[in-house]
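*Asks:* The primary structure of each chain is shown beneath.
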Amino acid sequence: MSAEVLVIGGGPAGASAALHLARAGLHVTLCEQGPRLGGALHRQPDDPAQRIRVPRAQSQRWRALSTALEASSVQILCRHMFAGIEGGGTVLLEDRASGRLVTRRPAALVLALGAVERVTPLPGWQLPGVTTVGGLQVMMKSTGQAPDGDVLVAGSGPLLLALAAQMAALGKAPVAVLERSPKLVSPSVIASLITAPAYLREASHYLLALARAGALPQHGTWVRAISPRDGRLAVTIVDRHGRDRELVVDRVALHDGLLPNQNGTAAPSNGPFVVRAGDCREVLGGVAAMADGRHAAKAVLAHLGRSTEAEPSATRVLSRERRAQAAINALYDYSGADPAWLPDETVICRCEGRTLGQLRDLLASSDPVSAREIKLNGRFGMGACQGRFCAEWVAAFIAAQRDGEPPAVSEIIGSRWPVKPVPISAFVTLPPSRPSE
Amino acid sequence: MTRFHQTFSFDGTPVACTDNETIASALDRAGIRVLGPGQNDCAGRYFCGIGACQACVVSVDGTRMEACLTPARAGLFVQRIGSGAS
Amino acid sequence: MPHPASSPPQSPRSVAIVGAGIVGMSAAHFLSRAGWQVTVYDAGAPASGATGSADGAVSIASKKPGPLMTLAVAAVRFYEHLTETGILGDEYLPRSTFVVASDQEELGVLERHASHLEASGVSIRLLKGAALTGAIGAAAPSAIAAVEVQGEGHAVGYRVVERLRRLGGFPIRRNCRVSGFNFSKGRIVGVVTEDGVEPTDAVLLATGLGSASFLSGLGPIRPRKGQLIVTDRAGADAPSFPGPLMSCRYLVSKGSQAAPGVTESRSLGLVIDPLRTGQFLIGGSREDRDDRETTDADVVATLLRDAVELAPSLAQLRVIRVFAGLRAATSDGLPIVGRVGGAENLWIATGFEGDGICLGPLMGRLCQQMICGEPVAHDISSLDAARFGLSLATAA
Chain P
1 MSAEVLVIGG
11 GPAGASAALH
21 LARAGLHVTL
31 CEQGPRLGGA
41 LHRQPDDPAQ
51 RIRVPRAQSQ
61 RWRALSTALE
71 ASSVQILCRH
81 MFAGIEGGGT
91 VLLEDRASGR
101 LVTRRPAALV
111 LALGAVERVT
121 PLPGWQLPGV
131 TTVGGLQVMM
141 KSTGQAPDGD
151 VLVAGSGPLL
161 LALAAQMAAL
171 GKAPVAVLER
181 SPKLVSPSVI
191 ASLITAPAYL
201 REASHYLLAL
211 ARAGALPQHG
221 TWVRAISPRD
231 GRLAVTIVDR
241 HGRDRELVVD
251 RVALHDGLLP
261 NQNGTAAPSN
271 GPFVVRAGDC
281 REVLGGVAAM
291 ADGRHAAKAV
301 LAHLGRSTEA
311 EPSATRVLSR
321 ERRAQAAINA
331 LYDYSGADPA
341 WLPDETVICR
351 CEGRTLGQLR
361 DLLASSDPVS
371 AREIKLNGRF
381 GMGACQGRFC
391 AEWVAAFIAA
401 QRDGEPPAVS
411 EIIGSRWPVK
421 PVPISAFVTL
431 PPSRPSE
Chain U
1 MTRFHQTFSF
11 DGTPVACTDN
21 ETIASALDRA
31 GIRVLGPGQN
41 DCAGRYFCGI
51 GACQACVVSV
61 DGTRMEACLT
71 PARAGLFVQR
81 IGSGAS
Chain H
1 MPHPASSPPQ
11 SPRSVAIVGA
21 GIVGMSAAHF
31 LSRAGWQVTV
41 YDAGAPASGA
51 TGSADGAVSI
61 ASKKPGPLMT
71 LAVAAVRFYE
81 HLTETGILGD
91 EYLPRSTFVV
101 ASDQEELGVL
111 ERHASHLEAS
121 GVSIRLLKGA
131 ALTGAIGAAA
141 PSAIAAVEVQ
151 GEGHAVGYRV
161 VERLRRLGGF
171 PIRRNCRVSG
181 FNFSKGRIVG
191 VVTEDGVEPT
201 DAVLLATGLG
211 SASFLSGLGP
221 IRPRKGQLIV
231 TDRAGADAPS
241 FPGPLMSCRY
251 LVSKGSQAAP
261 GVTESRSLGL
271 VIDPLRTGQF
281 LIGGSREDRD
291 DRETTDADVV
301 ATLLRDAVEL
311 APSLAQLRVI
321 RVFAGLRAAT
331 SDGLPIVGRV
341 GGAENLWIAT
351 GFEGDGICLG
361 PLMGRLCQQM
371 ICGEPVAHDI
381 SSLDAARFGL
391 SLATAA
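Chains as they are written, first to last, in this note's numbering: chain P, 1 to 437; chain U, 1 to 86; chain H, 1 to 396.
Each hint should be verified, as a subset may be incorrect.
Stated by the list, open to error - To give an idea of the interface, some chain U residues facing chain P are shown, with a C-beta separation under 10 Å as derived from the structure: (1) 19; (2) 29; (3) 70; (4) 79.
Read the hints as simulated data drawn from the structure, not as lab findings. Ideal Cβ positions, reconstructed from N, Cα and C, are used throughout, including at glycine.
Take the sequences, apply the hints, and build the full model.
*Replies:* Listed below in structure tokens is the structure:
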């Protein structure tokens with residue numbers, strides 16, 4: 001009997017890694033935090049009859065992978081949250097259905113935790129009704145229906161286009177799509193995407209759908225502030241000529257790119273062999289994630305002394321996707337609002353409600369306070385999301401305030417377990433590993 | 001097709017839900033956007049949809065969990081988490 | 001009663017303080033106020049050692065009877081004084097601590113400790129029956145008795161340090177490790193760092209465990225790891241905690257009270273501390289280990305099982321953070337404060353184990369008095385470095 005390999009994350013990278021490990025004869029357990037596999041990209045509908053349209057190649061890729069996974073020996077545990085690797089090297093999983101904490105000592109651990117969206121702060125981004133673009137898209141993929149009310153989509157990145165087009169396909173296009181980047185597709189970008197024609201095809205479909213719905217992205221346009229008004233959201237918009245206007249909507253979806261989800265995944269030296277796969281290693285999208293899952297499987301097999309074959313096709317896919325993503329990202333502007341223009345009241349830490357004014361105050365003196373002091377005294381990164389939505393921005397802000405003296409982001413972002421908050425009631429179920437005192 | 005035939009309780013109010021959907025979806029459809037008092041003007045709310053931001057955490061049968069990851073089910077007792085001390 | 005100075009009054013000069021924890025920063029504040037030119041050196045950042053991973057108990061409740069308990073009483077009064085004079089702002093929160101017994105064996109420990117507290121002049125209230133239910137019944141329904149230790153409080157170590165930093169008056173050299181000292185005629189004349197040598201007229205070592213590297217022989221200071229748990233915020237409907245709940249086992253684990261059969265290198269005492277944010281700090285372990293980077297599920301789960309047994313409402317909260325800190329412990333359980341042999345102008349304040357937040361400001365004040373050659377406000381002869389025969393290692 002072979003030792004267990006644990007794969008965390010039921011998206012394309014995790015599913016692919018699990019499948020290839022199982023095919024190599026290993027005992028594989030795949031853990032997914034949500035009720036179903038698929039991840040954010042391949043989120044499966046609540047009701048199979050209510051499915052939104054996604055690019056055919058995308059759904060075919062997932063269907064093939066999930067069908068093979070079902071036929072494999074991989075044990076799938078849904079609603080199992082990865083809580084981290086504790087000091088003794090044991091992997092902790094929180095089983096949401098039973099409310100218990102489960103421990104495992106796998107021979108290897110593949111982390112395929114995906115990406116988190118970057119959303120740069122602006123006044124009012126903490127209001128109910130304001131979500132991430134991905135958050136709104138996940139909800140739409142699950143329900144198979146467009147979100148109700150008037151929706152404004154803003155920020156930067158290809159995800160804005162995808163969400164808006166999917167809404168338009170359901171007959172309910174956003175009232176506006178604001179893309180911060182002033183650039184339009186240039187011949188050089190098209191040239192660099194020639195090797196990845198699927199993206200060009202996808203983008204042209206999206207643009208066509210939005211053109212039909214009269215909701216093409218407005219370039220060079222961004223949101224200055226959001227405020228509540230009569231149960232709706234009043235949004236101040238700055239156009240590419242620098243002029244302000246206002247829109248009143250029901251929802252605002254924001255997005256400024258993607259970051260690898262790596263918080264709390266530092267592995268102790270006595271823990272299992274750890275490999276990261278997919279967007280949590282490098283944000284390259286779903287196609288690359290499946291290839292990266294194969295790479296991760298290969299790394300695990302090599303570590304366990306199994307003979308492996310080279311994966312030239314996976315390597316090829318990864319380099320192609322890396323080039324394509326670089327070309328796509330060059331089109332966008334993920335910088336967010338210039339912090340100099342943000343008022344002191346702007347919330348930075350959305351968990352604790354800590355503001356830019358409080359951050360500025362900590363940096364006001366000539367004393368070069370460290371990132372750790374800013375974290376402890378300003379409580380930035382100390383909330384329940386553990387800095388996932390503010391640490392990177394706070395570190396960049398500190399760096400910008402101090403020429404040539406960037407603080408270590410790791411001082412703000414947590415690197416330890418628990419990866420996420422874990423109910424005390426789950427800890428209590430953990431059997432003592434030694435006789436009680 | 002079985003839709004809206006079941007309800008769970010949200011702060012004492014029945015909220016309709018369909019098979020397989022999350023608590024967050026059901027609350028959103030019911031027009032409920034404020035999921036808790038939160039901290040310093042940052043109310044509980046649906047935001048990232050993938051369990052990362054922790055803004056949609058509610059109490060489900062006495063255990064705190066992300067509304068966006070938790071399946072809705074008939075008879076669940078869901079509550080907003082009250083605010084702590086200032 | 002003031003105690004005579006061991007050296008003649010000094011006119012204000014320059015002083016180097018090694019360590020920007022609560023002790024070093026308090027001493028820096030008072031020396032700066034006394035007109036000295038202060039420089040604080042820290043190998044990391046302010047409050048990056050034990051101060052930044054402490055529980056914040058400004059408490060007499062858990063102190064070992066004897067000189068430590070007496071000094072703790074004075075230290076709490078000193079916090080009150082610093083609050084009245086505005087120095088600490090609102091960082092000190094006065095409140096009672098509740099030492100709780102859950103069974104007959106613990107009741108014995110509780111009653112013994114209560115008599116020691118009373119003998120030290122601490123105001124206490126033994127709670128049983130209706131008084132117990134009224135005070136902590138909602139939070140800890142299974143307690144059979146408790147002692148309310150009055151007239152103490154809470155302060156977050158790193159916030160006290162930040163407050164003192166903001167009051168200012170002295171530079172802090174971050175990421176600046178002191179590697180040694182230069183000597184002339186039996187005195188330290190320079191502080192050696194990787195940036196060079198800076199002249200100084202006096203030195204205070206307040207660098208916790210790091211102090212050992214400057215001292216000769218096998219250091220009497222050893223690391224004692226503590227693991228702590230932070231929860232998310234309790235809801236408005238949660239039962240109220242009038243103050244921290246401390247299990248009698250904590251007293252035993254800390255060595256403040258004896259109990260048969262506790263000889264392990266790791267012991268777990270339980271304190272459930274309601275923070276101002278509505279969160280709880282739950283601790284803690286005492287382990288003879290020096291790895292501050294790791295925390296164990298076993299320790300955390302054991303602490304949480306005990307916590308929920310005492311205070312069932314905690315079960316509905318979540319653990320949002322687990323961290324570890326290293327205390328600087330001495331073999332006799334008392335800090336080391338005073339002159340160090342090997343140089344005429346070297347003082348030390350370390351070995352506070354888990355009592356640094358409580359004692360820190362007062363010890364900083366006493367160090368200032370010693371360095372200035374002023375009479376010292378409290379008898380700290382039992383903390384003298386001479387009891388371990390300490391002297392400066394680099395004097396050779």
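*Asks:* Run every hint past the structure and note whether it holds.
*Replies:* Do the hints match the structure? See the list:
no. : hint : result
1   : 19   : holds, 7 Å
2   : 29   : holds, 8 Å
3   : 70   : holds, 7 Å
4   : 79   : violated, 15 Å
The structure fails hint 4 only (numbered hints given earlier).
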